[in-house]
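Asks: Line by line, the protein sequences give chains A and B. Going by the numbering used here, the first sequence runs without a break in its numbering and finishes at 182. Going by the numbering used here, the second sequence runs without a break in its numbering and finishes at 1182.
I should point out that these hints are in silico values taken from the structure, not numbers from a laboratory.
Covered stretches of chain A (chain B as the covering partner; in silico rule of three or more C-beta atoms under 8 Å from a C-beta of chain B): (1) 25–35; (2) 120–127; (3) 143–155.
Pairs of lysine-lysine residues, derived as BS3-like cross-links and limited to a Cα-Cα distance of at most 25 Å, are as follows: (4) 1168(B) - 101(A); (5) 1113(B) - 58(A); (6) 1113(B) - 1073(B); (7) 91(A) - 1154(B); (8) 1055(B) - 113(A); (9) 1055(B) - 1170(B).
The beta carbon of each residue, even a glycine, is placed where N, CA and C say it ideally should be.
2 protein chains.
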Amino acid sequence: MENQGEILIAVLRIGHRPQRDKRITTHVCLVARAFGADGIFVWRKDEKIKENLDKLVKAWGGDFFVDFKNYKKVLNEWKGMIVHLTMYGEKIDKIGEIRNKSKDILIVVGAEKVPPEVYEKANYNISVGSQPHSEVAALAVFLDRLFEGKNLYKKFEDAEMEIVPSPKGKTVIEKGFKTQRS
Amino acid sequence: MENQGEILIAVLRIGHRPQRDKRITTHVCLVARAFGADGIFVWRKDEKIKENLDKLVKAWGGDFFVDFKNYKKVLNEWKGMIVHLTMYGEKIDKIGEIRNKSKDILIVVGAEKVPPEVYEKANYNISVGSQPHSEVAALAVFLDRLFEGKNLYKKFEDAEMEIVPSPKGKTVIEKGFKTQRS
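Please build the complete structure, drawing on both the sequences and the hints.
Replies: Next comes the structure, spelled out in structure tokens:
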């Protein structure tokens, strides 16, 4: 499955409470981008998150979107598949079936309590393990497996910053200049 | 690689600031447990995190430990391998080499700024992608790949609660009784 060609992969983050969840939702956004999604819908509105992400995209490249939209509207308007990640869902072995359908995918990740209608609307309720852990982790592992582990080091277009993987220390290419940092 | 046999896998969480990082560090702990680590060392001390995890372990089983210990002490006393997860590190393709050594592994995950000595002390600095994202995600994907994706649905001993994976809704076995929830 190739990314960012014809197939759109978006994340829907529901249950975001601006005071309490800012950092976790930011991690969800960063993971969505780094692991190959095209953008994220967040409900509820939190401009600070969009500002941070827009700044990051400018430095690190690509064209990841952050939109604020009522989750019911997103679920109703989405034309492709809906995959809800929940510890109660089916085993992730279903991922081959999902991948082979080659449809746009909306991946729904919730905070603590997800409304029952999400389970109903979803074409797949998928568990990334049946133990309590983290929506950040669930999203990362789901995307890593969706792309069969081949999407972790892809290049982002128009990046000002780029890392050169190294065994010790930090090697960064910034606007064309390679630097070593400590 | 089999888990929780002879090989010990522990996580070291450094840079934890009790006010700011409580939720992210809690996600790190939950991911460590769910994806097959035996326990975590957290620096600095934060009793609330240990309380939450101990409660969760009682309900969901296993014997995951949470210890508070200065990170320098942990790094100095560790007898096995040290793997530091950092966006600057080598590609995760190294994981086969790490797995094949069959040694105890201490996986180090930091918050924003990691002291240079961690890069030096580590036998491997490994990147889970070279883009900024989340230590929660990095740990999850590293462990998922370390266990070759085979560890997600393992049973935890003495669990009071257990989930039965299902395509819709929530099926839970609680103290031997199966219930459907909405």
